[in-house]
Structures are given as C-alpha cells and as structure tokens.
Amino acid sequence: MADSPAADSTTDPRFAPRPDSTSLDAAQMFDLSGRVAIVTGGSRGIGLSIAHGFAAQGAKVVVASRKADACDLAVAEITEAGGEALAVPVHMGDLDSVNQLVDATLEQYGQIDILVNNAANPLGLPMEDITPEAWESSFTVNLRGPFFLFQRCLPSLLDSDHASVINVISVGAYIPAANTAMYGAAKAGLLSFTRSMAGVYSPQGIRVNAIAPGTVDTTMTRNTGPEAMGRMADLSHIGRIGHPDELVGTALLLASDAGSYITGQCIIVDGGFVPAR
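Residue 165 in this note's numbering sits at position 148 of the sequence shown, and the numbers go up by one each step.
Hint data in this document are derived by calculation from the structure and do not stem from the laboratory. No incorrect hints appear here.
Pair by pair, the computed Cβ-Cβ distance ranges are:
hint, residue 1, residue 2, range
1, Asp29, Ser219, 14 to 24 Å
2, Glu153, Met46, 34 to 44 Å
3, Asp89, Thr28, 44 to 54 Å
4, Gln221, Phe32, 15 to 25 Å
5, Arg31, Thr148, 43 to 53 Å
6, Gln282, Asp262, 20 to 30 Å
Pairs of lysine to aspartate or glutamate residues, derived as EDC-like cross-links and limited to a Cα-Cα distance of at most 20 Å, are as follows:
hint, residue 1, residue 2
7, Lys84, Asp120
8, Lys84, Asp111
9, Lys84, Asp113
10, Lys84, Glu94
Idealized CB from N, CA, C, for every residue including glycine.
Sequences are here, hints too, so could you generate the full structure?
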C-alpha cells in the first residue's frame, strides 16, 4: 500500500498559527475589547464579579438576572467604573424570557461573543423530600435554561471570531451531598453538556468550558449558616471560603484569547476542596 502523501505544514489548516500568535503581551491576550458578553446571574456574587472583570477588560456586558432593580444597580456600578453594560431581567426557567434576553442583546449590540451561564437555583432538599415540583424548579433553571440559552445564542456565536461559552457548575457535580443531590445532579448534567457542546462546536470556532466553584462567599453560601460555612472552609486545603473575585481570573482566561487552546474542560476553583476529599 502506498504511503499517504505527507501533510504540508504551510497549507494544512491543522498547522495554521493563531492570527495573533506573534504577540505575547499579557494585556492583549486578556483584552475583550469589541466583544459582547452575556452573564446570567450577573447582578450579584460570582456573576457580578465576572461582569465587572469582563467590562474592565473592554467587553460590553449584558447583566441578566431575575430582579430588574438588581440588574440596574449592577449596570450602574459597571458604568461608574468606566465600563459599558446593559441590564436585561431574565428568568432562566422561562424560555420566552431566555429568548427575550438574546433578542435584547442583539438589538442593542448586534452580536454575542461570550456566554456565561452562571444563574442557578440552589434549592436543596433531602432526597425523601424531593417533589416533582421541586425537581422541575431545579432542573429548569440549572440545566434546561442554560442549554436553550446556548442554543438560542448559537447563530451569533458561530458568526463570532472569538466565541466562548462558560458554564458555571459546582463542585457538587463531583462530590455527593445528601441535601444538595438534586442541585449537584443538574450541575453534573450541565458539565456533560459542556463536553458535548465542545465536541460538536469547537471545530466550528466555539470554545466551551466550565468552571466549578467550591465554597464561595455568596448569598447562596451564607444561607447555609455560619456553622456549615465553617465546616466547608475547613474541608479545603486553603482552609477558608473563596471570594467571588477569585473566580474572575479563570473566567477571563476562558473567555479571552489567552485561553484559545482550551475547550471541553472544567476548571475547579475550590481552594483544594475536591483534592482534600
């Protein structure tokens, strides 16, 4: 059998250099100027920190969350800091609302380059107390909503030269916990979708990754009470809970050209909680 012809490294697209591969300037690698990012759950906690971080790097940020006044406040903060943002209230359990979020973004900016699926429903129940209604409430927000938002953004992402999707999951996708089994299962489902999305769409120019936060100082965490927060902090190698701002660097890496060769991955940001188990 004759040998296959050797690949030509000068013409084979598999060997093509990055268009900006001549520059190793860190500021340029993380620059998001000219890009539009949707951040769900963007009015507080991790989402708000990511929205601030993206805006500081030049992105136009769409802050999407359930409460209109909270979205407006977040946009005011970003604008005061010198960024550009748009407030769009959204309920991730309502697909009409999800569609309206995309429509409003395109009407204002005409493009979508970055999608951060961060909104979540942290409903926790012992397994014997889970009802069909609770199941529906959890999975519609934590899994169905993010998937169909991605699907609705897909045409715009395919048009982008810098498309990136970041699904914020949870270490609960890796570590079982009796009272958060439903939440963890939905987040594990989103992790599975992350890998499938990456496999299908990375060859078409859309990178898809996930971030799995550990115990972070958010309203969701504080609602568990100080004793539970203390126990969770003690279970990590670092021995404390995280701050929402400590997720921004990872999100910037995945959203920017600095992460141009990263797809289908989940980066765990948990102070060593998972390794300590």
